[in-house]
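Make a model of the complete structure from these sequences and hints.
2 protein chains.
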Amino acid sequence: MVTGAGSENPYADAEPKKVRALIREGKITSQTSGMCEGYAQANLVVLPKELAYDFLLFAQRNPRPCPLLEVSDTGSRMLHQIAEGADIARDIPKYRIYENGVMTGEYTDVSRFWRDDFVSFLIGCSFSFEGDLLAADVPVRQIEEGKNVPMYNTNIPCAPAGVFHGNMVVSMRPIPYELVPKAVLITGQMPRVHGAPIHIGDPAHIGIQDLSHPDYGEMVTIRDGEVPVFWPCGVTPQNVIMNSKPSFCITHAPGHMLITDVKNVNLKY
Amino acid sequence: MVTGAGSENPYADAEPKKVRALIREGKITSQTSGMCEGYAQANLVVLPKELAYDFLLFAQRNPRPCPLLEVSDTGSRMLHQIAEGADIARDIPKYRIYENGVMTGEYTDVSRFWRDDFVSFLIGCSFSFEGDLLAADVPVRQIEEGKNVPMYNTNIPCAPAGVFHGNMVVSMRPIPYELVPKAVLITGQMPRVHGAPIHIGDPAHIGIQDLSHPDYGEMVTIRDGEVPVFWPCGVTPQNVIMNSKPSFCITHAPGHMLITDVKNVNLKY
Chain A
9 MVTGAGSENP
19 YADAEPKKVR
29 ALIREGKITS
39 QTSGMCEGYA
49 QANLVVLPKE
59 LAYDFLLFAQ
69 RNPRPCPLLE
79 VSDTGSRMLH
89 QIAEGADIAR
99 DIPKYRIYEN
109 GVMTGEYTDV
119 SRFWRDDFVS
129 FLIGCSFSFE
139 GDLLAADVPV
149 RQIEEGKNVP
159 MYNTNIPCAP
169 AGVFHGNMVV
179 SMRPIPYELV
189 PKAVLITGQM
199 PRVHGAPIHI
209 GDPAHIGIQD
219 LSHPDYGEMV
229 TIRDGEVPVF
239 WPCGVTPQNV
249 IMNSKPSFCI
259 THAPGHMLIT
269 DVKNVNLKY
Chain B
9 MVTGAGSENP
19 YADAEPKKVR
29 ALIREGKITS
39 QTSGMCEGYA
49 QANLVVLPKE
59 LAYDFLLFAQ
69 RNPRPCPLLE
79 VSDTGSRMLH
89 QIAEGADIAR
99 DIPKYRIYEN
109 GVMTGEYTDV
119 SRFWRDDFVS
129 FLIGCSFSFE
139 GDLLAADVPV
149 RQIEEGKNVP
159 MYNTNIPCAP
169 AGVFHGNMVV
179 SMRPIPYELV
189 PKAVLITGQM
199 PRVHGAPIHI
209 GDPAHIGIQD
219 LSHPDYGEMV
229 TIRDGEVPVF
239 WPCGVTPQNV
249 IMNSKPSFCI
259 THAPGHMLIT
269 DVKNVNLKY
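Sequence order for the protein chains is A and B.
Residues in the first sequence are numbered from 9 upward in steps of one, following the numbering used here.
Residues in the second sequence are numbered from 9 upward in steps of one, following the numbering used here.
These are computed hints drawn from the structure, not numbers from a lab.
Don't take each hint at face value.
Identical copies carry no separate label here, and so any pair may be met within one copy or between two of them.
Stated by the list, open to error - Below, a list of computed lysine-lysine pairs in the DSSO-like style, where the Cα atoms sit at most 27 Å apart:
#	residue 1	residue 2
1	K271	K35
2	K276	K253
3	K253	K57
4	K271	K190
5	K57	K190
6	K276	K25
7	K190	K26
8	K190	K276
9	K276	K35
10	K25	K253
11	K155	K57
12	K102	K271
Below you can see the structure in the form of structure tokens.
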């Protein structure tokens with residue numbers, strides 16, 4: 009999930025570990041956009057072990073829309089690679105619980121729901137490459153306009169895996185024609201956060217009939233001399249999971265991400 | 009597994025699909041080194057489903073030594089992504105079967121052993137980047153000397169996953185000092201076949217006590233002005249699996265790989 013917002017966040021320069029501690033104490037329950045600038049934020053999906061193999065295989069087969077940053081041990085609420093000491097059930101400001109594919113509640117702490125058969129998947133987010141685009145003077149329109157990035161269902165099939173199948177969801181950013189190659193090169197350096205665009209130009213070519221009405225997020229302005237550029241989107245795995253109506257699933261609430269200890273620059277190497 | 013050999017293979021310019029057909033017919037039972045130049049070759053590990061989740065998680069956590077090119081559907085002998093129409097049980101020239109961690113036989117066809125609970129893992133091989141090194145005038149000593157690449161156990165821990173744990177195995181190629189940065193840049197472009205070196209120089213720093221006696225493969229000449237450069241090696245997952253003594257496991261025989269339809273150049277993108 010990608011959510012745009014203005015900067016000047018009071019936690020923009022804070023250490024990820026300190027912000028996670030404030031979230032755990034319930035002192036931060038807001039969106040994480042703009043916090044801990046320079047550090048990667050991650051999407052969360054928690055599934056029962058009976059679905060974990062199929063989902064891990066889905067991610068292996070579809071790394072563009074579903075780049076895994078870390079997968080927990082079964083039953084463990086701890087992370088070891090991207091956020092040392094993090095508690096998955098408490099260190100995200102807001103969670104959603106889905107039962108049989110229907111959202112049944114939002115919570116700031118899901119520790120009382122935790123089960124020994126839960127596996128947590130932390131998925132990279134294109135927040136991470138937007139900083140590099142801005143730094144290189146490539147505009148990121150939804151940030152300029154303080155909106156959520158527009159996202160679309162496409163006709164691009166994902167490789168199915170077990171119970172999981174579906175088409176790719178993409179995010180769109182309008183890029184001035186002369187900056188498109190630069191945008192490809194910058195984002196192509198970061199495959200762990202969706203990487204290079206999947207499509208440049210004509211929306212109909214990937215099954216998008218009406219660019220002005222995104223399926224998720226909000227439309228942004230496309231100016232003269234700009235072309236819509238489409239990136240694989242982390243909403244893809246969420247959609248694919250919800251289509252399969254798992255008996256129980258926990259995700260982050262949109263925009264309320266896990267703030268990791270991984271610097272965005274280190275996602276390139 | 010990495011195996012060096014001279015070139016001028018009679019199948020050097022053949023199409024992968026045709027060579028796989030000849031292997032299936034039993035007309036090729038030799039090592040695949042030098043066949044279908046320009047196309048990636050893959051290591052094979054077949055495990056029962058009960059171990060597949062742990063191994064898939066091990067690969068997710070250790071992509072440098074264990075880069076997955078494709079994972080089959082459970083019970084299926086077909087591949088869909090890297091070798092359309094390939095039969096995993098017949099299209100590799102020689103297989104090994106391990107029972108409880110002990111090799112119990114070598115076969116040119118394992119279809120009679122196939123079970124509905126088998127999952128096949130195809131793992132990238134550094135064969136793929138050696139062509140790029142040679143093309144850029146970076147020497148690959150074991151190819152020059154017609155040997156198997158020297159490989160070493162190290163003190164670099166892999167991230168454990170379920171029943172699988174152990175240290176990384178590395179391959180070593182001596183590189184002239186002035187070409188080391190070039191070798192890093194070339195191989196760093198191909199993370200799906202082990203990518204950039206994991207270590208450059210002093211072998212003791214990664215726990216290698218005697219460079220002249222590799223743990224696997226054969227020693228090659230290190231000339232004046234050259235430095236040993238170490239890459240993550242596909243023997244790592246084989247070792248880690250065998251340490252766990254699975255009841256039944258099929259692998260390719262060393263040097264007898266699956267020839268894929270994937271051009272090496274496409275492993276960069």
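Okay, the hints, checked on the actual structure:
1. K271 / K35: Result: close within a single copy only, 24 Å intra versus 52 Å inter.
2. K276 / K253: neither (35 Å within a copy, 36 Å between copies)
3. K253 / K57: So K253 and K57 pass the 27 Å test inside a copy (15 Å) and across (24 Å) alike.
4. K271 / K190: both (21 Å within a copy, 26 Å between copies)
5. K57 / K190: For K57 and K190, neither the intra-copy (41 Å) nor the inter-copy (44 Å) Cα distance is at most 27 Å.
6. K276 / K25: Close inside one copy (22 Å), not across copies (35 Å); limit 27 Å.
7. K190 / K26: Answer is neither; intra-copy 35 Å and inter-copy 40 Å both fail.
8. K190 / K276: For K190 and K276, both the intra-copy (16 Å) and inter-copy (18 Å) Cα distances are at most 27 Å.
9. K276 / K35: For K276 and K35, neither the intra-copy (33 Å) nor the inter-copy (44 Å) Cα distance is at most 27 Å.
10. K25 / K253: For K25 and K253, the Cα distance exceeds 27 Å both inside one copy (34 Å) and across copies (40 Å).
11. K155 / K57: neither (36 Å within a copy, 45 Å between copies)
12. K102 / K271: Only inside one copy: K102 and K271 sit 23 Å apart there, 45 Å across copies, limit 27 Å.
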